[in-house]
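Residue numbers (full-length UniProt numbering), protein chains in the order written: chain Z, 1 to 338; chain V, 1 to 338; chain X, 1 to 338; chain U, 1 to 338.
Derived from the structure by calculation, the hints contain no laboratory data.
Owing to the predicted nature of the structure, the values given are computational and were not obtained by experimental measurement.
Do not take every clue at face value.
No farther apart than 27 angstroms at their CA atoms in a straight line, the calculated lysine-lysine pairs in the DSSO-like style are these [said to hold, decoys possible]:
1. K184(X) <-> K186(U)
2. K137(U) <-> K186(U)
3. K11(V) <-> K224(Z)
4. K40(Z) <-> K321(U)
5. K166(V) <-> K166(Z)
6. K184(Z) <-> K166(V)
7. K167(X) <-> K60(X)
8. K137(X) <-> K69(U)
9. K221(X) <-> K167(U)
10. K186(Z) <-> K69(U)
11. K167(V) <-> K137(Z)
Chain residues, written in single-letter form:
There are 4 protein chains.
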Amino acid sequence: MNSMMFDHSRKFDIVCSGRIAVDFNPVDLNQPLEDCTTFKKYLGGSPANIAVGMARFGKKVGFIGKVSKDQMGTFVTKFFEKEGIDTTQVCQAGQGEFIGLTYTEILSPTESSILMNRNFAADLSLTTDDVSEDYIKQAKIFLISGTALAASPSREAMLLGLRYAKKNNVKVAFVLDYRGYTWKSKEEVSLYYSFIAENSDILIGSRSEFDLMEATLFNDKNDKKSAQFWLDKGNQIVVITHGKDGSTAYTQNGESFSIKPFPVKSLKGFGGGDGYTSAFLYGLTEGWDIIDCLEFGSASAAMLIASHACSQDMPDTTAVKAFIKKEKEEYGEMIARV
Amino acid sequence: MNSMMFDHSRKFDIVCSGRIAVDFNPVDLNQPLEDCTTFKKYLGGSPANIAVGMARFGKKVGFIGKVSKDQMGTFVTKFFEKEGIDTTQVCQAGQGEFIGLTYTEILSPTESSILMNRNFAADLSLTTDDVSEDYIKQAKIFLISGTALAASPSREAMLLGLRYAKKNNVKVAFVLDYRGYTWKSKEEVSLYYSFIAENSDILIGSRSEFDLMEATLFNDKNDKKSAQFWLDKGNQIVVITHGKDGSTAYTQNGESFSIKPFPVKSLKGFGGGDGYTSAFLYGLTEGWDIIDCLEFGSASAAMLIASHACSQDMPDTTAVKAFIKKEKEEYGEMIARV
Amino acid sequence: MNSMMFDHSRKFDIVCSGRIAVDFNPVDLNQPLEDCTTFKKYLGGSPANIAVGMARFGKKVGFIGKVSKDQMGTFVTKFFEKEGIDTTQVCQAGQGEFIGLTYTEILSPTESSILMNRNFAADLSLTTDDVSEDYIKQAKIFLISGTALAASPSREAMLLGLRYAKKNNVKVAFVLDYRGYTWKSKEEVSLYYSFIAENSDILIGSRSEFDLMEATLFNDKNDKKSAQFWLDKGNQIVVITHGKDGSTAYTQNGESFSIKPFPVKSLKGFGGGDGYTSAFLYGLTEGWDIIDCLEFGSASAAMLIASHACSQDMPDTTAVKAFIKKEKEEYGEMIARV
Amino acid sequence: MNSMMFDHSRKFDIVCSGRIAVDFNPVDLNQPLEDCTTFKKYLGGSPANIAVGMARFGKKVGFIGKVSKDQMGTFVTKFFEKEGIDTTQVCQAGQGEFIGLTYTEILSPTESSILMNRNFAADLSLTTDDVSEDYIKQAKIFLISGTALAASPSREAMLLGLRYAKKNNVKVAFVLDYRGYTWKSKEEVSLYYSFIAENSDILIGSRSEFDLMEATLFNDKNDKKSAQFWLDKGNQIVVITHGKDGSTAYTQNGESFSIKPFPVKSLKGFGGGDGYTSAFLYGLTEGWDIIDCLEFGSASAAMLIASHACSQDMPDTTAVKAFIKKEKEEYGEMIARV
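Could you put together the complete structure from these sequences and hints?
Right, dumping it as structure tokens:
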């Protein structure tokens, strides 16, 4: 059991918001991107991946976002619909914006990078007019992804979504998801990130993302100080991740829980995060103990970095449970637990 | 005596920030602007006028702002210097921005309007790089004017200024000063205004400006509800103005104080607000009772709407006191007090 | 008699196009602009001044341009109407553009400069949709001013106007009128200027403007070479001005005619050019000898640099003739002729 | 033999300019783009494809263009280098521009469409500073592609390139290549297209592209009228294409030559044009009779619409000759000739 209390009368377990993108992942592995000749096309974007993950776990999911008015927009919308995600609030950009594009470069199982084309991106053209209070108030959780704060008018759409969530007792999950595109300065990142985090209930990010967020707030940063600061501001759970060194969740009652990665052979060095987040949030909404949420998250992450896609390869509950069972049988009960 | 506690070791009584403009006020009175042939040029812009007002009252004043790199920028900077205002943080725009221009139309003593040219305005090009924590922390009060939130990057510069003020126990005065230029939506106004007001100590605006700020927060707006809401958020004084119907200051201890305008013959229907604010803040920093601050503010406002300029005609302490004395002798002690 | 043949069945003697601005000229003379306190407001902009000049000489004048949707736009439109200029094609900008503003600095009778605010200027927002072939074909002369080429979409509106003029045997007068605002590079100036000049019939500019226009065309520039180049391209008259050293008109038949300034006491060092051009074009449309056109132009220029305004002080035919008569009586018949 | 005279002392047979793009062509054929899952990445963009085609025929080729400063830019530059194309004038965009992207949709062998992402495209950021007169004057032919005129500053870079070509007796080939992206109005297309075409030597486009170009020039358009108009302006060869109905070349001496497509089974409905143009220009530079140039062009086009890529599948001389021989053996000598 965890301490989060959700309103079970709500229509949606989660309403995610922000970036829906298209990923082009090379089939030719372990080569510089410039030399790759063949690509698979997938739905992408951190909050979109999380939405798919939650839907695969059987949760009721809605999404507030903007996609391009073309075949790429149709592709991602149809993909959402196939997954059972509500797309009534996924609107189309009307000024020639293009859907955000991500080209992944997989140099080796441990060296990956990402090339994004976010010029005049459809997701960043979301406006305050596209955000409905009636929709948000039907959610247990409203998820904000940091990238949606990177430019106006999407930035203000997110601030309005936050306001509607707070007014209607919707829990706010803030996933830092920092991408260095379209931001004008580091100070700007810190200001907007910290503004959301001062008002969120669940806060998830990497150590380096917390550093960015806290740049205008204090020096001598470390996990304990960060966790305490954001818990003091009202968050109920603060999760700080450290890549292959694992992650720790801090809670209001002063407890903390740590998890390590499962020892899988990775195909690519990214994509685990969205699996982790969706599985962790799934556990939370199921009322699990925090440590079980973390283990479920770590397992989903492990499964995804061994897969080619992010969204498309999101596992369902049965698959994650089977994976954990298999790993424990092979490596011992405490394989991921610290 | 009032309840505001200022740190008297600080170098500046107030550091204002935001818009410095140039006003062109017609000499030909009571005519449509299109028919006016001759104009006087004055320094303008609400926070700039307040800075001049405070300086004339003998206060130590600094300013954070951006002006055009031309004779107009030189004019306002020299004007500030002549008034004894510190201009070390008044920088010059480098991308061809022009100083904000205001053309006033005085159709009659009670009908005035304002035509602004704020296209690519120098003041809105202030960036986070132009805001110094070392400077702000030398102030007793940091004043933010709502117009500076109307567009990026000035918007983020103000958010950073607010952060630095809070970190260094500088009191924040937020003057709503709404101008409908460059804002993208009403929701945007409400979001950014309320974000500053949740963090300010002194909040001053008209009833219609409070309505704008509260648009995404609650319905059934009225002064008592507004005052209580913002006092609950931590403001120590909330002043809501109603033009010729007077204004009221609400304080943390549940008291309220009202003032009426002095019965002067106005030349123009604007410009009183900045006189009011500077005189009210002057009284506060002097430790006066709130009602005396209000009376001083109302007197300064009355003197300014009978004058041609805003900045240039700001009165000094002696003049305001003489004005009040004369008015009271003529109309009675309670002439402005409710 | 001159060699230009005009179609006298046309409704308009001239249709000017491009910039309509508002000038603020200081009343306080011989001071830095920053120290000037009082300004007179006038209609300005080179092609607008020329339109007024032609109208004062009794010519039928039309104008294609865009002004701001505010009192400044109303001012200039009403001014045109009062002068008898057709304003059916003077439209209003709808996206918040402001009319171009010019602040003149008169340091001494010989030292003047100009500060312009052309950020998001209304005149540069003229589009191809605002240009009517039916209107242009009613003109004897279509006048293009170089400043209108400084940015899109005004640039393309001018190219379309040129096309319509050529299709309908309307003579094209190209007044170089270079202003260093909004142009992206010197090459750009040369390319667009030379494109218009290759298609014009009457070409008027200063030596330095010809240098700019010819920058991508040839080296070793001089008046004779310039004149021959542009006459070879089809121009019938090429006028190159040299400020106080006078100006020369070159014609298709190999002749050239020179004129000097009249020896007046100037008030300001600018504004003569538009008087010169309008008076010269007036003479041309009247069928005068080129040297008489030049003398009339030089006289009008002399009268204007001794006046405070450009547009408002444009002389009528009687006044110019009286001025010439007086000058000749005082200084001799050949006072301006070379 | 044809009438074009080239200066054989020049270093480059052709210098192409403008768009270099990346094509993503689906491997899953005959499906809506939204349903395609796998894509091949190719160098694309009409002038880039023509450059590759000319290089494969053994010609010396240079290119003036701008690519993104990332792996996509590296990919196309390396591809050019591998083909022996000079890339000293292929520069990198420095403001976050992305290379133009093309997604092809192949619904059936006869139904294809193209989805482009040209937001803030690298190729359109080419400036006048990127265009070298010294480089252009080393070419026999300077090729301009219409898409490079679609926006500033690339537009002005092309106008400058044209000027340098004319100054140095470089033949100008203008390939209309109209794409409806970034153009502001149809009039704009007509104005800039016709300005280049008035100065070109070889003019190649489809009937609908000629219609666009001539929109502001005359009505009642047809091939003969178009050809005569542009030949009168100085073009030596005008080629007007009609897709599967073939194409016709018109020459200065009043002759015309027509060709039909070869009867191949197409894989996709596009990509033939660039093969056609490169092969036709190849024939011209070899001094072939016009009809032989056309046949060579038609053969190359036929080979390309049966291939998956544009650039990568460009044939060499031997292959085209073999294709023609085979076709003639199968269908008769006059299979493509009219």
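Going through the hints against the structure:
no.	hint	result
1	K184(X) <-> K186(U)	holds, 24 angstroms
2	K137(U) <-> K186(U)	violated, 32 angstroms
3	K11(V) <-> K224(Z)	violated, 36 angstroms
4	K40(Z) <-> K321(U)	violated, 37 angstroms
5	K166(V) <-> K166(Z)	holds, 23 angstroms
6	K184(Z) <-> K166(V)	holds, 23 angstroms
7	K167(X) <-> K60(X)	holds, 22 angstroms
8	K137(X) <-> K69(U)	violated, 49 angstroms
9	K221(X) <-> K167(U)	holds, 16 angstroms
10	K186(Z) <-> K69(U)	holds, 22 angstroms
11	K167(V) <-> K137(Z)	violated, 34 angstroms
Of the hints listed earlier, those the structure fails to meet are numbers 2, 3, 4, 8, 11, in rising order.
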